[in-house]
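Since the structure of chain D is provided, determine the placement of chain G on it from the hints.
Number of protein chains: 2
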Amino acid sequence: MRHLILFVAVLLAALTSAQSQPQLNLMPMPASVQAGAGQLPITQSFSASVNGAHDASLDAAVRRFTAQLSRQTGIPFRPKPGAPPTLTIHADRGREAVQKLGEDESYQLVVSDSGAQLTAATTLGALHGLQTFLQLVTITPTGFAAPAVSIKDQPRFPWRGMLIDVSRHFIPIDVLKRNLDGMAAVKMNVLHWHLSDDQGFRAESKKFPKLAGMGSDGQFYTQDEIRDFIAYAHDRGIRIVPEFDMPGHSRSWFLGYPELSSGSGPYTLEGGGMDPIMDPTREETYKFLEKFIGEMAKLFPDAYFHIGGDEVDGKQWDANPKIQAFIHAHGMKNNQDLQAYFNQRLQKILAKNHKTMVGWDEILHPDLEKTIVVQSWRGQESLATAAQKGYSGLLSFGYYLDLMWPAARHYSVEPMSGAAAALTAEQKSLILGGESCQWAEWVTPENIDSHIWPRNAAIAERLWSPQDVTDVGSMYRRLNAISLDLEWVGLAHRSARERMLHRMAGTADITALRVLADVVEPVKDYNRWRDEQGPIDFHAPLTRMIDAAYPESDTARHFGDLVQALAQSGYKDQASEVQIRSWLTLWRDNDTKLNPLLQQSSLLQEDMTISQNLSAVSAAGLQALDYLVKAQTAPEGWKTQQLALIEQAKGRSADLLLMVAAPIQQLVEASAGSTTQN
Amino acid sequence: MRHLILFVAVLLAALTSAQSQPQLNLMPMPASVQAGAGQLPITQSFSASVNGAHDASLDAAVRRFTAQLSRQTGIPFRPKPGAPPTLTIHADRGREAVQKLGEDESYQLVVSDSGAQLTAATTLGALHGLQTFLQLVTITPTGFAAPAVSIKDQPRFPWRGMLIDVSRHFIPIDVLKRNLDGMAAVKMNVLHWHLSDDQGFRAESKKFPKLAGMGSDGQFYTQDEIRDFIAYAHDRGIRIVPEFDMPGHSRSWFLGYPELSSGSGPYTLEGGGMDPIMDPTREETYKFLEKFIGEMAKLFPDAYFHIGGDEVDGKQWDANPKIQAFIHAHGMKNNQDLQAYFNQRLQKILAKNHKTMVGWDEILHPDLEKTIVVQSWRGQESLATAAQKGYSGLLSFGYYLDLMWPAARHYSVEPMSGAAAALTAEQKSLILGGESCQWAEWVTPENIDSHIWPRNAAIAERLWSPQDVTDVGSMYRRLNAISLDLEWVGLAHRSARERMLHRMAGTADITALRVLADVVEPVKDYNRWRDEQGPIDFHAPLTRMIDAAYPESDTARHFGDLVQALAQSGYKDQASEVQIRSWLTLWRDNDTKLNPLLQQSSLLQEDMTISQNLSAVSAAGLQALDYLVKAQTAPEGWKTQQLALIEQAKGRSADLLLMVAAPIQQLVEASAGSTTQN
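Protein sequences, first through last, are from chains D and G.
Just add 69 to wherever you are in the first sequence, counting from 1, and you've got our numbering.
Just add 69 to wherever you are in the second sequence, counting from 1, and you've got our numbering.
Only chain D is shown next, with the shape it has when bound in the complex (with noise of 0.2 Å):
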């Protein structure tokens, strides 16, 4: 009888337990979380108190906290006076003044019914903690409130980073803070500020006044606003490392300054002619790299300092007579070797900076010292013959945003795996995490949020979370809740693209354009980049609806979910069968709705082929499903001339790609019995 009490007792909790328990949509998804009964409401007496070390940073962390979870509820707090808090936090100590790579991260987080207790070693772990604590946060039937749990988290990799090229479209300071209360919200912990590039450099010196100046189209960051941003950024847990990219991508600077280059100049931010690069063997461009170098490390407080080295082309070193004198009379064997011999020359003057350097893969020679850092966009076999030969790494190589992958892809990408899953202990710490990389060839400060958010996050993850959580259909699912999170954080990644779609469409109803925007994405890789146009005109409008469609579709992944779906159940699951006939009937009855629209407007005309596609591949589609679910076999003329229409409408049109072709040709396929399916 006790054994039957004790049993109907732990069933009860276990169902009310499973009852209360919603989801938990959080990413990255914490080292261990464990779920306990009950949940926290979250009401007007909310309250949340620091009893452990202060310093400025977490309280205005809290204070932040405190009014994005009101924001998020709507609710207006007012705590009793007097009344103990809702959430009391501890840090045992305080944080460094200038962040440091390898700071403990760890925090706990306990909720019970009653109340919530985050626990860190330092304050910088607490910010951690007061990210999770929002996330926990859903509206449930009895009101807002967090699920009771327990949660002990750390991060797996130290460095996790995201690049912003400001260079080739500049970006706003408020839009890069944006991004970094963005970054904050995933525990992305580095932003790698690409501040000068071919197209602009962007960043007051005022030692070298001309390099801004005249080295970009006037928008640059003054000094004031490079310190208030870094302030802004370690606030939020955020170090701040700069890239100047060199010896090449530096035609910037030489508009100011053309006795640095390695040619005789003169220069255009819009270039021509050969890539422009520094010339390494005079003595003045150490000089003028010492002064500025020195400038800029008292700017920017961060010990690495991040000076490009890649793509060298050295067509430029080449052509110059006086140069390749150099390289012979040095015994150097070839271009790398004079390369090698900058960067050695640019480490001195970094060390005297108390600076340690970071590169891409390019900078890798064995003439550097091991202290420097590695930074891979060429994969994790680079990133394992750095660590092999002693040198920290950073992985980019599959996380490049502006490829357009979509999230699981990004998300496969492991740091750890290939060659570096064969690196002792010792070469495998070496490798310190990894950077998402946001180039800038292709966004404006309109879209560039739509461009890393969400996807961003399932990045994040992948560097904070243990390699072990991998599941997909877990990581979209929480994908989405942090997409909903991040516009309450002020990204405007989702309602950017409808503002642009009403800018396409005058002051017509955008309900069709929207249909086709769902179903749509943009090329992939640097299909977008198309030499026969010649180069890329940086100051052209982005308005087209590749610039605006998201670069993953949600709409056709959930419908190819569905047509597997339906496959597995072999033609049979009438659930899934009504969504896809309601899916295909919306988009075959669309183009009859939205071409007048598209014929009004010069920005939306190219999209006419593309939307006249989605309805001929949505009939195939629903004639498919017909046979199929009649269990009835689809002539053979029929399939091949379906097939056919579907190929084409597989291609490219307007820079685009119809995503539901591909699950709509699985129905084609099937109809004719030719694949197996089950």
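Where hints are given, some of them may not hold.
[Said to hold, decoys possible] Straight line, CA to CA, 30 Å or less: simulated DSS-like cross-link-like pairs of lysine-lysine:
(1) D:K367 x D:K402
(2) D:K417 x D:K279
(3) G:K699 x G:K719
(4) D:K699 x D:K593
(5) D:K662 x G:K279
(6) D:K279 x G:K149
(7) D:K246 x G:K246
(8) G:K662 x D:K641
(9) G:K246 x G:K169
(10) D:K439 x D:K169
(11) D:K662 x G:K246
(12) D:K699 x G:K662
(13) G:K641 x G:K593
(14) D:K149 x G:K279
(15) D:K169 x D:K367
(16) G:K276 x G:K391
(17) D:K417 x D:K384
(18) D:K662 x G:K641
(19) D:K276 x D:K391
The set of hints was computed from the structure by calculation and includes no laboratory data.
Here is chain G on its own, set in the frame of chain D:
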């Protein structure tokens, strides 16, 4: 033959004009618009240049205009150096340093296919012309363009205002600023800032710091913020008229200064007991007000100063023997006489500070000088009475945005109608214009934009455009366009609803929720106030569907129009029928999709009934439609049953009204042949 050629030429010109001339989405409609032939392309080479009188506000306005045009079109402008400007702006003279009532606001705008000229007597008029230009630009099949047009424009009334109450709910400066941008877009020129009321005193007084310090929840505007805000408004051609409501609506004053009141206190912002009012019998009251008004008169440079004066219930006066003794001792008949005495004293103080007194209807009293301005919440009758007595007036009756009326109802309120129509020309000139009013019992910074916009634009047109501009269909078409424009200005009247629906829905898809939200409206007039629930808690969350829903349902209006069109066709118009059927089917099926979500959210559970009602009445509508198109007569019993259902669905539910119930009722009635439709 010459005649024939001429005829053909005219015909061709007319055709060209008709083809290339899109409908002009101007609001307010200018005094005179003449369409030309062709259009002015807006390309990257666009530039605007001032060649007449300059002043800081015009230069700033041109910069804002250019940025706004760039944002709307997505085109980063890169005019060729030395090329002639696309738009030249010429003002004969600058504007007043402090904007004056009746300053010349006229402008002319001529757009041809090769350029545009804006001319104005003053730089103030030029500001309005820039707004008109922005409204002219639309997307066309060949790119963005402004149609060729010749516009001569000036306002009908010199005072075109909006009142915003910031006492009941504090509205931060940045939210007010974006509303100033919206006002400038529709050529409104007065913000009436209702800075104090029972529930909060929102302006810093350095002489009496306890006014805002104790008379608010800590949320108020500092004097620096106020000065900055006034400059911001001036830059946009908007005067700021402050209101400090006296002697009633003044509880917030008494928390810090109870001696000003006619009762004994102590007072709290939450209230309770009698409505406290100032004591006009003590000389100390006037000493206080002299110092206070002296300070505020310097802070607010406008020539007008609003002293409120409304709704003095006088109970505290009745209850105070000293005050009653004062009334008798001074030969006054009643409390009204005492208020007039108070107002006379106030007026003297204001006159000393070179301010003209403005107050609500109740201040009208034969003892007051003719210089004052009476703002009428009572109606045109009251306004006419004042004008006959020689008082200037402003109409606010009919323009209360918080009453949730449709735009058309506000639009039909004509200041010169009724008794005002019979006034002499001289008396008519005393009617200065009007003001829309946004009282803030039920708004937060989050949803205030959607309570004001786009409906406020219809009021702006009533006050700016010629009296004969009254076509409601045209108004709604243009209102839709201006509503989209206003989101580019930075207002959140559309985007806020989306966010609020997401808050209510958690991570669930909101498609079905949007379907419901699109067909409901908040209850009208003062029907949200429910005395039986006690006083309003001004700190409660405003996060229900009634808070998110637009005040006016465009969907319901369009649906009503479709039902009218079908009726007028004798139920034969297939196009209308198809659309009606499509809407009704969507709505009938919506509750099944939506109900699980409604159950899961504490904020949505109250909407289960109205969601069921929508489905039920739509099912009835579909049946009625079948009877009608088949020219059958519905059985009487069925009709009775359905009408009862609809009647019940028309009632208030969760403080919402189901706006499609009435047109569906019309279908049901017609299907039974009980009403004549044709």
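The hints, checked one at a time:
| no. | hint | verdict |
| --- | --- | --- |
| 1 | D:K367 x D:K402 | 36 Å, violated |
| 2 | D:K417 x D:K279 | 25 Å, holds |
| 3 | G:K699 x G:K719 | 27 Å, holds |
| 4 | D:K699 x D:K593 | 38 Å, violated |
| 5 | D:K662 x G:K279 | 62 Å, violated |
| 6 | D:K279 x G:K149 | 23 Å, holds |
| 7 | D:K246 x G:K246 | 21 Å, holds |
| 8 | G:K662 x D:K641 | 22 Å, holds |
| 9 | G:K246 x G:K169 | 21 Å, holds |
| 10 | D:K439 x D:K169 | 19 Å, holds |
| 11 | D:K662 x G:K246 | 39 Å, violated |
| 12 | D:K699 x G:K662 | 27 Å, holds |
| 13 | G:K641 x G:K593 | 35 Å, violated |
| 14 | D:K149 x G:K279 | 23 Å, holds |
| 15 | D:K169 x D:K367 | 16 Å, holds |
| 16 | G:K276 x G:K391 | 28 Å, holds |
| 17 | D:K417 x D:K384 | 26 Å, holds |
| 18 | D:K662 x G:K641 | 22 Å, holds |
| 19 | D:K276 x D:K391 | 28 Å, holds |
Of the hints listed earlier, those the structure fails to meet are numbers 1, 4, 5, 11, 13, in rising order.
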